[in-house]
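Q: Residue-level listing of the chains:
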Amino acid sequence: MKALVDGKKCTVCGVCSDVCPFGAITVGETSVEISDECTLCGMCVDTCEFGAISLPEVGTGPATDLEKYSGVWVFAEWRDGTVHKVSHELLGAGRQLADKRGVELSAVLLGHQLDKSLSSDLISHGADNVYVVDNPQLARFTNEAYADVLVDLIGRKQPEIILAGATSIGRSFIPRVAASLKTGLTADCTELDISEEGLLLQTRPAFGGNVMATIICPNSRPQMATVRPKVMRPVKLPDHQGHVEAIEIPDEIFRNRVEVLEVIPERDQTAKLTEADVIVSGGRGLGKAENFAILDELAQLMKAAVGASRGAVEEGWIAPSHQVGQTGRTVAPTLYMAVGLSGAIQHVVGMQGSKIIVAVNKDREAPVFDVASCGVVADLFEFIPAFIRKIKQERE
Amino acid sequence: MHIVVCIKQVPDTKNVRIDPDTHTLVRQGVECIINPFDLFAVEAALKIKDESDAKITVMTMGPPQAEEALRDVLSRGVDEAILLSDRAFAGADTWATSITLSAAVRKLGDVDLVFCGKQAVDGDTAQVGPEVATLLDIPYATFVKKIERLDEKFLKVTRQTDEGTEVWKLPTPTLVTVIKEVGEPRLPSLRHKMRAKKAQIPVWGITELGLDANDVGLCGSFTQVVRVFSPPRRTDQVIIEGSIEEQVEQLYSYLKEAKVPGI
Chain G
1 MKALVDGKKC TVCGVCSDVC PFGAITVGET SVEISDECTL CGMCVDTCEF
51 GAISLPEVGT GPATDLEKYS GVWVFAEWRD GTVHKVSHEL LGAGRQLADK
101 RGVELSAVLL GHQLDKSLSS DLISHGADNV YVVDNPQLAR FTNEAYADVL
151 VDLIGRKQPE IILAGATSIG RSFIPRVAAS LKTGLTADCT ELDISEEGLL
201 LQTRPAFGGN VMATIICPNS RPQMATVRPK VMRPVKLPDH QGHVEAIEIP
251 DEIFRNRVEV LEVIPERDQT AKLTEADVIV SGGRGLGKAE NFAILDELAQ
301 LMKAAVGASR GAVEEGWIAP SHQVGQTGRT VAPTLYMAVG LSGAIQHVVG
351 MQGSKIIVAV NKDREAPVFD VASCGVVADL FEFIPAFIRK IKQERE
Chain H
1 MHIVVCIKQV PDTKNVRIDP DTHTLVRQGV ECIINPFDLF AVEAALKIKD
51 ESDAKITVMT MGPPQAEEAL RDVLSRGVDE AILLSDRAFA GADTWATSIT
101 LSAAVRKLGD VDLVFCGKQA VDGDTAQVGP EVATLLDIPY ATFVKKIERL
151 DEKFLKVTRQ TDEGTEVWKL PTPTLVTVIK EVGEPRLPSL RHKMRAKKAQ
201 IPVWGITELG LDANDVGLCG SFTQVVRVFS PPRRTDQVII EGSIEEQVEQ
251 LYSYLKEAKV PGI
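If you're matching them up, the sequences are chains G and H in order.
Just so you know, we're using the numbering used here here: the first sequence kicks off at 1 and counts up by one.
Just so you know, we're using the numbering used here here: the second sequence kicks off at 1 and counts up by one.
Everything labelled a hint here was simulated from the structure, so no lab data went into it.
Where hints are given, some of them may not hold.
[As the list claims (entries may be wrong)] Dumping the calculated SDA-like pairs for lysine to any residue here, alpha-carbon to alpha-carbon at most 20 Å: (1) H/LYS47 x H/LYS169; (2) G/LYS392 x H/GLU249; (3) H/LYS156 x G/ARG255; (4) G/LYS182 x H/ASN214.
[Claimed, not checked] Cβ-to-Cβ under 8 Å is the rule here; a few derived chain G residues that face chain H: (5) GLY28; (6) GLU29; (7) ILE253; (8) ARG257; (9) VAL376; (10) LYS390; (11) ILE391.
This one's a predicted model, so the numbers in the text were calculated from it and none came from an experiment.
Glycine residues also receive a C-beta, built at the ideal position from the N, C-alpha and C atoms.
Please work from the sequences and hints to get the whole structure.
A: Below is the structure:
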């Protein structure tokens, strides 16, 4: 299967051939040929000014009565008795989607011995309904228990859209929910909207963040997406009224195949990269393990986590849990300070979603300056200690 | 013990660049590599084979040239390889990919463990592993950094979460998706290279897998890409040069103005 060219519209301009990432398009004298190398990525479709290229139709999936499904749901996460920030963000995004669709916004809360304050907190962030399942089997997260309960609830209430945080929990169990329901799922979205036809438009980075893709799920329900933390805006609606419903789940839902033996919180606060508002990251430019102390001091001062490039981890200067990038963590803090790292693409893909990127490097040509919102061309060993002194001085 | 490792050939993202004028992907020099996380999955399987009597089968769904990726991992010590290739597979989303991979695992029959990388670096979805496990109706654990075999029936895995680590006990058959910490991939050996060169790699398409063309590839997919575009670029870049004192002052006021936490 490959992209289709409409010979009547095609002007043989060749633009499609230039953008094809797979070299699948050959431009002849009078026509354009698409070879079997085509992966149906759609790059050419969007580039063609003449609307001459199209993709074959997506499958219709199992016969689903789409109209039956109504409402927007947010899977609400909590930690240590409080609602996780990402759930507030999802409610903010979900509120807009629900209003555009003219439907209700509901939050699903799973766990054991859940405090009532969690539900009221979700309502004051925009939820019209909170569905609570309080069950000892949900005290600790497992893919099966969480997914199978959510599948059961979806079967009962039939929402049209489900949003979950792209956290280590959401990204782990939501695919099981989608596969169990035989519906589509889009990972790690950074933008959500409703199309004219009422479909959920799910936009996410692809190819290591080099392109953005907008994805729809036209023929199956619910439409499901995980959403990258720290991207959507929460809303605070203190006077918003909502309804809390406790739902009983039959015991046979729980398969109990997996046993959680231990949950060990990270003791090293500086390694909590995905939650941090500020990350100070170091690369090979630091020269040796001892020099990470400079970054540690800055991080402590700014209440930041400490990140590292693959280079620094491979040198053994810092533990792999600190690694940001393609084979490490993907982060999107408010401030990312890249210190003494060149900005190889493998690193950049892990941090380019940060709101502000400050790069400190003495080499003005380093690629990190291409992604930086603010670049400081300086020797880090002079600049960082001076910057630390400045912060301390301002605080006094 | 039979271990299946699922791998994917991906465009090497470090060579993917955006043309600054046309805002489109520059394809020049885009080579294919084995998804880095999948090499960790291969290594995790080889580690088990080092210590016990295990057979490892690697499989990939892709175009005919994906055979190259299979020969690479054969040369690292994997026993057998299967290429899942059919024109009907093109354009598959994670669901349609999982349908194909799970059909292949089922066809093999006696599988105890399925290992995948945490995610592929071209799509970054991290969905195929969990979806394959769901379709096979076996339990799974994601983001695993350490795997121990407790006995014939159980596996103990250590998972990396956003907040720390978790230790889970899983009954076999089970599926595990792994991260870097399971171990650096070993290099090909001379002996295995020779074997990999000669190896016959079976190709399974929809006929061999007993699948309907409507259930795989784009036809079998639920999600559809409707638009691809370049990410918005930073237009407000500031470069600070000059003496260290000036630079410190400028960065401090820049961050103060942006109201970043920590300042």
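Q: Compare the structure with each hint and give your call.
A: Against the structure, the hints come out as follows:
Taking the CA atoms of H/LYS47 and H/LYS169, the gap is near 19 Å; set against the 20 Å cutoff, the hint holds. A distance of roughly 13 Å separates the Cα atoms of G/LYS392 and H/GLU249; the hinted pair therefore holds under the 20 Å criterion. At most 20 Å may separate the alpha-carbon atoms for a hinted pair to count; H/LYS156 and G/ARG255 meet this at roughly 18 Å. The suggested pairing of G/LYS182 with H/ASN214 holds, with an alpha-carbon distance near 14 Å, which does not exceed 20 Å.
Because the beta carbon of G/GLY28 sits about 19 Å from the nearest beta carbon in chain H, more than 8 Å, this interface hint is broken. The criterion of a C-beta within 8 Å of any C-beta in chain H is not met by G/GLU29, whose closest approach is roughly 22 Å, and the hint is violated. Contact between G/ILE253 and chain H, as hinted, is not supported at the beta carbon level, the nearest pair being about 15 Å apart and thus beyond 8 Å. For the restraint placing G/ARG257 at the interface with chain H, the shortest Cβ-Cβ distance is roughly 4 Å, inside the 8 Å limit, so the hint holds.
A hinted interface residue such as G/VAL376 counts as satisfied when its beta carbon comes closer than 8 Å to some beta carbon of chain H; here the least separation is about 5 Å, so the hint holds. Against a cut-off of 8 Å between C-beta atoms, the interface hint on G/LYS390 holds, since the closest Cβ of chain H lies about 5 Å away. At about 7 Å, the closest approach between the beta carbon of G/ILE391 and any beta carbon in chain H falls short of 8 Å, and the interface hint on this residue holds.
The earlier numbered hints that this structure contradicts are 5, 6, 7.
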